[in-house]
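Number of protein chains: 2
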Amino acid sequence: MIKKYTSGNPICTEAFIEKYDSLNISEFPLVNRVENNKFVFEFDMQDNDIVYGLGEAPRGINKRGWVYESFCSDDPFHTETKSSLYAAHNFLMLYGSKTFGLFVDFPARVRWDIGYTSTNKTVITIDGTDFDIYVIDGSKPIEIVKEFRSAIGKSYIPPFWAFGFQQSRWSYPDKQAVDKVIDGYNKANIPLDCVYLDIDYMERYKDFTVDEQKFPNFADYVKEKKEQGIHLIPIIDAGVKKEENYEVYEEGIENDYFCKNGDGSVFEGGVWPGIVGFPDFLRKDVREWFGSKYKILTDAGIDGFWNDMNEPAIFYSTKGLNAAIEKASSLKGKNLDLSQFFNLKDTFLGLSNSPADYSSIYHTVDGKQVCHDRVHNIYGANMTKAAGEYFEKEFGNGKILMFSRASYVGAHRSSGIWFGDNHSWWSHILLNLKMLPSANMCGFLYCGADLGGFNENATRDLVLRFLALGVFTPLMRNHSALGTRDQECYNFENSKDFKDILEVRYRLIPYLYDTFCKASENNDMIFRPLSFDYPDDKIARECETQLMLGDECMICPVYEQNVSGRYVYLPEDMTFVKLSGENVVTEKMTKGTHYIEVSLNEVPLFIKNGKQIPLCKPAMRTGLLDRENLEYIY
Amino acid sequence: MIKKYTSGNPICTEAFIEKYDSLNISEFPLVNRVENNKFVFEFDMQDNDIVYGLGEAPRGINKRGWVYESFCSDDPFHTETKSSLYAAHNFLMLYGSKTFGLFVDFPARVRWDIGYTSTNKTVITIDGTDFDIYVIDGSKPIEIVKEFRSAIGKSYIPPFWAFGFQQSRWSYPDKQAVDKVIDGYNKANIPLDCVYLDIDYMERYKDFTVDEQKFPNFADYVKEKKEQGIHLIPIIDAGVKKEENYEVYEEGIENDYFCKNGDGSVFEGGVWPGIVGFPDFLRKDVREWFGSKYKILTDAGIDGFWNDMNEPAIFYSTKGLNAAIEKASSLKGKNLDLSQFFNLKDTFLGLSNSPADYSSIYHTVDGKQVCHDRVHNIYGANMTKAAGEYFEKEFGNGKILMFSRASYVGAHRSSGIWFGDNHSWWSHILLNLKMLPSANMCGFLYCGADLGGFNENATRDLVLRFLALGVFTPLMRNHSALGTRDQECYNFENSKDFKDILEVRYRLIPYLYDTFCKASENNDMIFRPLSFDYPDDKIARECETQLMLGDECMICPVYEQNVSGRYVYLPEDMTFVKLSGENVVTEKMTKGTHYIEVSLNEVPLFIKNGKQIPLCKPAMRTGLLDRENLEYIY
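Chains as they are written, first to last, in my numbering: chain A, 25 to 658; chain B, 25 to 658.
Next comes chain A alone, as it looks inside the complex (with noise of 0.2 angstroms):
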């Protein structure tokens, strides 16, 4: 049962597809109460409650301890003390004592103080007072999260190829790095079904270009690797490069389609390509027009894209580096204290994603000005909707592979997200696979985080134990940042260890993408916490490294170095399986505590009793793999 209470008069961001009709705020059920403008509500949790929900956000399953902000954030450092990351999924769900799922739809700020504070109190401000909530009744959180699910529609489904390994870098500069790459794993006879293009492949980063020096006859090139079974897919960011005789820049001035600063001039940043316009997406008619601009690409072969730098991201604008420089003259020839010299310093440093640069941004919303700060969270989210839009009207579903950065919830219906810029880290193996479960109670299916880690450099027995968890991730895609050593599996030593494990990925697709489409087509969960499933377990409810899969699995991915195993709970008998190239090992286990071992090259796996799950044999690529003859493990 879903009860909405409306306040004021709120933006709409289009999360939901149902409608429900508004109950006034005042019979709101939680304690609540206006301050500084800002909507405050609040919950008391008893010791043994769990607060699951927010999507894509910093930190473990269970939400409590911390405090967050809904506030899409191109930051790359993703540890512990953050509050946001690139999304903002509102979708909040209180199990125990009381049971009930929340979605606030609100596109600006909203804080999530879930035991941060006062240890059994969740108290959610919200940032204005011109807001829904969505209020879903439920015993059971499954039953919780497949009602809302169905209320903000179905999951997009990406191609099927899109199941296959992906390896991405920034960047592979021309299409002699990208033949390297697919050279490389042809040779050491390892999958793969899709090379990534950063921003690199652009001329200058223009948005809707190649650079003809750099890929040559580019309609050629992407169908003689479609040839080879490999899609390339090529990023495509938020800001438009202010360049004369750029059509895309200069059709955005022309209709007028840019945010603006508040005087009505064009809100200039910096991003990759220099300064730039920021497309309005807001606005129908400029979504219909950059939706439309993909065509330069999806004409040339191009089936799959990722939307990026669409928080947005700003590393500065004219305004803010003008102040700046301004300022460090000023004190040029003078002795500086100690804290002139941090204020100089912060200046600098607090140049990208200035809140003041934010506040400064106008959009165009149902014909009136609307500063950004009202509505940040939904841009990124309406740039996706531009690609799907147009997509589905020109291919229909399922046609073209779209993921993005920032999200809101609603972007799920047209596209996939990645967790972003996160880094090779041991622990970011823990925080992918705790993402996975929040991100499917939003709706976000098609998603997965870098695997091997994209800032800083990999080690070999990291990328492998990272890919071992990332063979059951959707979205399975290799991202490695620019000065970061080569993460290519290929290049490093042993490369049959790698083989190894991403055969075993293309072994278990077939029952990957079929149990993804029924998530989808029943608003189900492809991943959930044990607790959804053993919630009587104490262990179970409480287990943060592993997960269950679909109807039939639990998967347990080791995440620590130097170690040959991991302590693995089962909260009944199951059959542990270890996957490794062609071999499958398989063991009788009983409920209760574990210690496993688990080789470089393999790939641990539980599977309940009484079922079984599919396997087919590797192939290269996907679209090489025989889904007919399948043998069974059980």
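If you are wondering where the hints come from, they were derived from the structure by calculation, not from laboratory data.
Be careful, since some hints might not be right.
Same chains, same names: a pair is fine if it fits in one copy or spans any two.
[What the hints assert, rightly or not] Pairs of lysine-lysine residues, derived as BS3-like cross-links and limited to a Cα-Cα distance of at most 27 angstroms, are as follows: (1) K145 <-> K520; (2) K358 <-> K266; (3) K358 <-> K284; (4) K266 <-> K356; (5) K230 <-> K369; (6) K211 <-> K145; (7) K635 <-> K317; (8) K369 <-> K358; (9) K211 <-> K164; (10) K369 <-> K356; (11) K369 <-> K343; (12) K284 <-> K356; (13) K423 <-> K319; (14) K164 <-> K369; (15) K249 <-> K284; (16) K562 <-> K145; (17) K641 <-> K542; (18) K238 <-> K170; (19) K423 <-> K369; (20) K356 <-> K250.
Given the coordinates of chain A, work out where chain B should sit on it, guided by the hints.
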């Protein structure tokens, strides 16, 4: 058996107190070469070999699978991909197919590639050709450690009261703040022995001054606190403020005690006091001078210090800052492209601890000018030696509490260390645990991390779990940064839980102090990896979440949020003990894997069969402990 190999003319670090005849480096038994004036040597590892060592360093007890650098660094982000922390502890030990120890006695950079580039190879690069390497033969890790420790001299023993609980914060700036802390602890009936004075107690951050406004009649105040059983522990920074009529600075100038630029002028860096001179602690006369200044505070009754910022940390140099401002000014009115923007931003970001600044500093060693780069890693250790030599002369051994942020082997004879500016991260509980045996190997017995975490906001449960590990660390100090949430125990809800944890500490102090003194006397470790005691037990060999403590116990803190316990591995039958306030619950447990429940107010501990440990009654101060009437648990 220790052999010393000498190359060139090493700078004497005084790490060793035993003298060995030098063998020529040509006889050095490991594969080696000189490349670009660096000495590079290597050894192979088998899959199951373990590499121990490096003392205070990032990552695991087993150092395999990463590249480390000995370079004392003021870097507060102790993430997994860092290579250096504040110390340079050049002891390494291979254990497995071959077993030996190494100490690289060299005061500049040393790079340790321990299976990072190539999984089964360690490659060590010494940034020069003037060094000693000691090779320690032996068959058991503990024997190698003891032989090494014997050669470097007995570890510092602090006063007994330094085992009491210590509360710190940046900052308790005045006597009112200090009194509030003591009052808070007293009212909550939580034991306490020390309160720390961070930089704000000084007059404009000038070493060896006390701000009269904040602490009128300081000596009387120190005396009053001591009568309450509370020791005040002031900080001393490496840099001496440049200020007219400030005696310490003027003496330094008069006597030419400060580090120089290449042209012989005094090097000026910006730190907390603004512009400072850095005493050239490598000179004996400078150490004697600086050490004698501590008398100003010991005369006021102070009997404990912490030496900080002695890597040395340099926020900026006058010349670096001027160049950055100059660069910014030159860009005024110009349209910057992205690379110019990043270059400018990075210029300001790079002002702190800049390699260019370090390279421009000169010391006087044996009458010769020596570039700081060549002696960087012994600067802080020599600052501590300055204090230690004074204290020993004036008060004898073990009377003054002294610990340092930067260190080098050798400093362990006159001081402890703390592990620097960590974070309020759950992962830092384990990082703390993992550093303990590594630090012990290198002679540092009196050590500990900032409990609850220094940077960013802590949660109540994190502080409790952190403290439950800290119960066992010789230095048990809660410390937190300016601008973070109040972290004193009495400031959290239900302070009774904190009382329960801290009373356990006080009950254990007789045992912990005795274990400490024996370890110092016998050149032994207090904390050992399980692998030292159970070398043939595979799970124990790899375990890095539990430690052996003394001859009697195994410790196993809970290190995750929102859990009621943890997995534990018992390499043999043991007694599981839960301590909470005066409560003791024991349970016999069998060898193997278990899940143990531990409440937030409990300290878990395992006692080996046939062993027992003494407990005294809790008290509010160490001085009130009845060390004669002991209860034994087993």
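Now for the hints, and whether the structure bears them out:
1. K145 <-> K520: Result: close only across copies, 20 angstroms inter versus 51 angstroms intra.
2. K358 <-> K266: The answer is between: 16 angstroms across copies meets 27 angstroms, while 37 angstroms in one copy does not.
3. K358 <-> K284: between (37 angstroms within a copy, 23 angstroms between copies)
4. K266 <-> K356: between (32 angstroms within a copy, 21 angstroms between copies)
5. K230 <-> K369: between (31 angstroms within a copy, 24 angstroms between copies)
6. K211 <-> K145: between (57 angstroms within a copy, 26 angstroms between copies)
7. K635 <-> K317: neither (47 angstroms within a copy, 75 angstroms between copies)
8. K369 <-> K358: both (15 angstroms within a copy, 20 angstroms between copies)
9. K211 <-> K164: Neither: 50 angstroms inside a copy, 45 angstroms across copies.
10. K369 <-> K356: Result: close both inside a copy and across copies, 14 angstroms intra and 17 angstroms inter.
11. K369 <-> K343: Both. Shortest intra-copy (17 angstroms) and inter-copy (15 angstroms) distances satisfy the 27 angstroms Cα cut-off.
12. K284 <-> K356: Answer is between: at 25 angstroms across copies they meet the 27 angstroms cutoff, but 34 angstroms inside does not.
13. K423 <-> K319: within (14 angstroms within a copy, 78 angstroms between copies)
14. K164 <-> K369: Neither: 51 angstroms inside a copy, 51 angstroms across copies.
15. K249 <-> K284: Neither: 41 angstroms inside a copy, 62 angstroms across copies.
16. K562 <-> K145: within (22 angstroms within a copy, 44 angstroms between copies)
17. K641 <-> K542: within (22 angstroms within a copy, 62 angstroms between copies)
18. K238 <-> K170: neither (47 angstroms within a copy, 61 angstroms between copies)
19. K423 <-> K369: neither (48 angstroms within a copy, 42 angstroms between copies)
20. K356 <-> K250: For K356 and K250, the Cα distance exceeds 27 angstroms both inside one copy (58 angstroms) and across copies (49 angstroms).
The structure fails to meet hints 7, 9, 14, 15, 18, 19, 20 from the earlier list, while all remaining hints are met.
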